[in-house]
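*Asks:* So the protein lines, in turn, are chains R and F. So for the first sequence, the working numbering puts the first residue at -10; every next one is plus one. So for the second sequence, the working numbering puts the first residue at -10; every next one is plus one.
These aren't lab readings, by the way, just hints derived from the structure by calculation. Please note that the accuracy of each hint is not assured.
Note that the list lumps identical chains together, so a pair holds whenever it fits in one copy or between two copies.
[What the hints assert, rightly or not] Taking lysine-lysine pairs in the DSSO-like style, the calculated list, with each CA pair at most 30 Å apart, reads:
1. Lys132 with Lys3
2. Lys202 with Lys9
3. Lys62 with Lys135
4. Lys(-3) with Lys62
5. Lys(-1) with Lys135
Quick caveat, the model's predicted, so the values are computed rather than measured.
Okay, here's what each chain looks like letter by letter:
2 protein chains.
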Amino acid sequence: MKPTDKIKVKRASKRGFYDKETVYKILDNNFICQIAFVHKEYPVIIPTIYGRENDCIYIHGATVSRMLVELEKGFTISINVTQTDGIVMARSAFHHSLNYQSVTIFGKAELVTNEIERNNALKIISDQVIPDRWEEVRLPNEKELKATKIIKIPITEASAKIRKGPPVDDKPDYDLPIWAGVIPIKKMFEQPISDPDLKEGIPIPDSVNKLFKD
Amino acid sequence: MKPTDKIKVKRASKRGFYDKETVYKILDNNFICQIAFVHKEYPVIIPTIYGRENDCIYIHGATVSRMLVELEKGFTISINVTQTDGIVMARSAFHHSLNYQSVTIFGKAELVTNEIERNNALKIISDQVIPDRWEEVRLPNEKELKATKIIKIPITEASAKIRKGPPVDDKPDYDLPIWAGVIPIKKMFEQPISDPDLKEGIPIPDSVNKLFKD
């Protein structure tokens, strides 16, 4: 992708990446984004789940959702996905940092109206959160589909910003008797908690078991 | 806080909270926020670390940071902090959800110029990420302070949105032989990785040990 002025990483520019592979890998490793849009001249920021397929981000919500009503107007919006990988502890306060992987997208949202694309988008979003869950559940009925709005944002302007590795201190500070290093942060799934109203004899499904296989 | 029209939770309004205790608890449990501001009529969204003290959010960055230069102009900005607590798996695709705790703030940023407040803000931000680290490190020198800008955002308009607990399905779906429940998500610190350039004999400091004491 071309690093337009909008998405070019200005601060710490060596941390900026503009290739699809890097950007999509970060998007695919997460499922929550923050979306910002302008409403009455002030910015509104709303977290939501998303799914990516090819060069598009899909999000969904209630047909009456204020955010989706705003988004489908087609003004430029901004999306950010940030994954925190570690706390970087330097010898100096100044050089403390975070290890992270972040993607920022600028685009114009479009309302998805084609029923096949709408159904596919719902599966894409579901798969982004829990792969293969879609095959296990009671799929949306007509009433539910009517209550659901799907928006897509083509990924045309996007950049990734990544920091990884150990702290970088000023030369003289390396002699100080101060511990420095990285504390990795990991997002973990904990053991599933069955719905208290679950009928007896229903086993944990494959989609959930797969989440713990790594 | 008064739920003004800007911050009132419209969708799933029973998930909305406006009391300081709830809002500040979520803020204090996290250290990364997304900040949105309007630049040339489009929204820009940037993740950054923050610290809270009393009724203020502090953020910092390079003096030349494009975001901070925009923020100090004093236009209304929006801040979001979102913590994901679990994946809510229902019997129907439609009722899948997330357990989360999210705070949205609207406010006008102010440049902090008082040196005592600036120094205190840096400690507040540091404490938010790793309590007590400030006491262990080489503190900012004049050159570093000069290169650092501090912005504060008074928390005047804020709301929290929280979802917790098991899935809620449509009545007839409870008879389906489909597993339902919650998969908790936890953010964990992993064992510290010492800087490869760390001098021998420097132990892991108290601030780090305390992170693992829960």
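*Asks:* For which of the previously enumerated hints does the structure constitute a violation, in increasing order of number?
*Replies:* When the structure is compared with the hints, none of them turns out to be violated.
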